[in-house]
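Chemist: Chains as they are written, first to last, in this note's numbering: chain A, 11 to 358; chain B, 11 to 358.
Some hints could be false.
Any copy, or any two copies together, can satisfy a pair, since identical chains are not distinguished.
To be verified - Here are the simulated lysine to any residue pairs, SDA-like style, with alpha carbons at most 25 Å apart:
| no. | residue 1 | residue 2 |
| --- | --- | --- |
| 1 | K205 | A352 |
| 2 | K238 | A165 |
| 3 | K262 | P248 |
| 4 | K130 | S255 |
No wet-lab data here; the hints were simulated from the structure.
Number of protein chains: 2
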Amino acid sequence: MTCVRVIRESLRAYRLLGSLALAVAAGCSPPPDPISAVAAADALPSWNDGAAKTSITEFVTRVTQNGADFVPPAERIAVFDNDGTLWGEQPVYVQLAFALDRVRALAPEHPHWRDTEPFKSVLAGDVEAALASGEKGVAEMLAVTHAGNTTEEFAAIVTEWIAAARHPRFGRPYTEVVYQPMLELLAYLRANGFKTFIVSGGGAEFMRPWVQAVYDIPPEQVVGSRAKLEYEVRDGVPRINRLASLDLVDDKAGKPVGIQQQIGRRPIAAFGNSDGDFEMLEWTTTGRGPRLGVIVHHTDAVREWAYDRDSRVGTLRRALDEAPARGWIVVDMKSDWNVVHAFERQHP
Amino acid sequence: MTCVRVIRESLRAYRLLGSLALAVAAGCSPPPDPISAVAAADALPSWNDGAAKTSITEFVTRVTQNGADFVPPAERIAVFDNDGTLWGEQPVYVQLAFALDRVRALAPEHPHWRDTEPFKSVLAGDVEAALASGEKGVAEMLAVTHAGNTTEEFAAIVTEWIAAARHPRFGRPYTEVVYQPMLELLAYLRANGFKTFIVSGGGAEFMRPWVQAVYDIPPEQVVGSRAKLEYEVRDGVPRINRLASLDLVDDKAGKPVGIQQQIGRRPIAAFGNSDGDFEMLEWTTTGRGPRLGVIVHHTDAVREWAYDRDSRVGTLRRALDEAPARGWIVVDMKSDWNVVHAFERQHP
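The task is simple: from the sequences and hints, build the whole structure.
Modeler: In structure tokens form, the structure reads like this:
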């Protein structure tokens, strides 16, 4: 098509859509939405046919078709945990890998780290020993590597790091170690009028620089743990400083709080993979009307990792135990997904 | 047009738009956007021709047209104060009117209020005396009328109140005492690819129940002062309790903090009306690239109120004094707006 014709035809298309809107307003039944119709044909090619896939597509059909379970598009809020749900979290969760790299990068400015745990072990290359120092040590590493700069400086640091860092097992950028079936699911839900949000225990500002490119989710649709911030005009230049304490830990019972504070409505669909997501799933699926709760169960030791009850990265006990009674769908990565990672993608 | 033809033609329109997208991807210049073209024709009928209207439309043209100042749609974030910018805030701001009505409604459950200021004065019908008790008294009234319930109960209370309450001067629902020129501006910006957010000192949960209907802004695009929240399962039913302390006062230097925490990007356009908006305007307009800062100046004592420097509801000193040097546009309500309130609307 020539460019001139493109312009002429696109104007015609807009006019037709305008007429359509008027006709619908005048009492016609709405025509089938071509976007969802196309999407439904094979929107989830990396999902094997089975109970999990069927439960998801049946839910979407129920809430989008006219009937008792119809949900207006504005109410179609879907929330996704990130670590272990949208991308990998093994052998350590990605934000911790970032913190460890930052400890190494910042070490010259902190000579006392050579004699102080857990920094000493990190700098000696013994991450296991560093992590063995417990939650307090990890929290300290996260605090010193995530504060003391402005929000714009931190975004630049994350952007540079995520472009250069490689996953230790797969040798790929972390942004390619995302789950292909979940990318398809995000797109499928959006094609059906859903608004997709990330609700993660990870730092919101660690995710925002790259989520648009990777998940097609804009920064303002990211709910995460958040640092206390301070607005300051220094030498005539406004800046927002990241302070060393947390304003919200967006995990466990913090997830419904983060959802309410930032989104302000109760989701109708929630996706998680650990007990850190239990309350988010509970809050979502106990609302009135059709609800969807999904747990991604890491069962594939060959293509990924197999873990649940006693994992260091994301214990999954209570949510797994109560899933059947609560009607939550448990996705078995090994049998339900024919492709795991985006970098394995074979579909054109 | 018959319904069958509507369906056939609309499918054709979608296909044309698909071809258009492919053609553009293949190197054609994008055609003029028919939505903005229509909108620009007379998108702001309640605005008189003049410097303010011209500055706004010229800014929108600059950032939407190809050229050095083009801003991708995703970055077109516009933030609006609410009280005094989108709706009235006289004789008292609306959330305070709500709190006063709640004090009256809850009084039977609190017999000691009859002897305790500022409640005593409110119940005696002397609001002026109650407000004279100062910020501490007002804060106490806000706290007791805004906490002690769940988020869903509070939303229901607000919804019921806002439907029944009437503005004391205009005798209209508060949701009609909104500024018609600002409604047009919101729609005009959205038609040009902007995403519009409210960033208010008012409580986010006080605004969310009605903003979609009144401003066409969804709840998740409301940043406001926020209560501390607590997730709880009581008698087997999940709930989110509103606690009596504040998590964020989204005013003054709190506005850039709220913007960063919730939106996660720096806006390119900000609209306010008081010194409480100074930092939001400063943060917005000192970023790189084209920026727009607008102050709504209440100058119309006949159709509305005239106030600025020493007003009880929203002192406007520093922002007004520094507006010329900072390039902020000052909208003179009396001369720039030919219609003030939505209920006066004369345009079809």
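Chemist: Against each hint, give a clear statement of whether it holds in the structure.
Modeler: Do the hints match the structure? See the list:
no.: 1; hint: K205 / A352; verdict: within (22 Å within a copy, 30 Å between copies)
no.: 2; hint: K238 / A165; verdict: within (16 Å within a copy, 27 Å between copies)
no.: 3; hint: K262 / P248; verdict: between (35 Å within a copy, 13 Å between copies)
no.: 4; hint: K130 / S255; verdict: within (23 Å within a copy, 41 Å between copies)
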